[in-house]
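Student: Sequence:
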Amino acid sequence: VLTEFTGNIQAIGGIGYGGNGGPGTVYLKTVTPVSETVLINNEMSATAAPVQVPQLFAPEDEVANASFVLDNSVTLQLIGDYSIGDLWLSSPLSIVDLNGNTLRINSFEHDLLPGSVTGEGKIIWRRPSQGTVIKLR
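Using this note's numbering, read the sequence shown as starting at 3 and increasing by one per residue.
It is worth saying that the hints were derived from the structure and are not from the lab. Treat the numbers as computed from the prediction; the structure is a model and nothing was measured. Careful, some of the hints might be misleading.
What the hints assert, rightly or not - Listed next, with one range per pair, are the computed distances between beta-carbon atoms: (1) I125 with P94: 29 to 37 Å; (2) Y29 with R128: 29 to 37 Å; (3) V119 with N67: 18 to 26 Å; (4) N10 with A51: 23 to 31 Å; (5) I126 with T8: 30 to 38 Å; (6) P94 with N10: 19 to 27 Å; (7) G102 with K137: 16 to 24 Å.
The beta-carbon is built from N, C-alpha and C at its ideal position, and this holds for glycine as well.
Please build the complete structure, drawing on both the sequences and the hints.
Tutor: Pasting the structure below:
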């Protein structure tokens with residue numbers, strides 16, 4: 003665990019065996035306050051393979067609190083329903099392909115520009131609490 007890391011971190015994809023590799027992916031987690039971020043960066047290579055989620059046998063809530071940041075020609079493709087903490091599409095070529103699945107985002111709805119969402123399916127954002135009213139006499 004790096005508790006006082008102050009350097010730079012990059013996530014850059016590469017060439018895979020016999021073809022295009024996937025984008026670089028880095029998972030960051032702080033202890034206090036608890037914060038989780040998944041950085042996915044393709045370094046502007048439009049030919050890289052998509053990042054497919056969820057992974058086989060991954061716990062259902064594995065990244066339910068993690069913010070996903072997609073940058074530089076990344077395609078995040080759902081191959082099943084998936085839950086994440088938040089989503090930021092940092093470049094015009096950052097794409098989420100719902101592929102007929104449901105993406106649950108555990109934050110309040112916000113704009114996903116400059117990236118885009120493709121494929122049939124839906125995004126379900128966390129809704130603001132309606133609150134509770136208690137009347138005492």
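Student: Next step is simple, just say for each hint if it's right about the structure.
Tutor: For each hint, the structure was consulted:
Judged by the Cβ atoms, the range 29 to 37 Å given for I125 and P94 is violated: they are separated by roughly 19 Å. Taking 29 to 37 Å as the suggested C-beta distance range, the pair Y29 and R128 does not conform, at roughly 22 Å. Evaluation of the 18 to 26 Å hint for V119 and N67 yields a pass: the beta carbon distance comes to about 21 Å. Between N10 and A51 the C-beta distance comes to about 26 Å, which sits within the given range of 23 to 31 Å.
Range check, I126 to T8: Cβ separation about 37 Å, and the 30 to 38 Å hint holds. Restraint check, P94 to N10: a C-beta distance of roughly 24 Å satisfies the suggested window 19 to 27 Å. The hinted window of 16 to 24 Å between G102 and K137 is violated, with their beta carbons roughly 46 Å apart.
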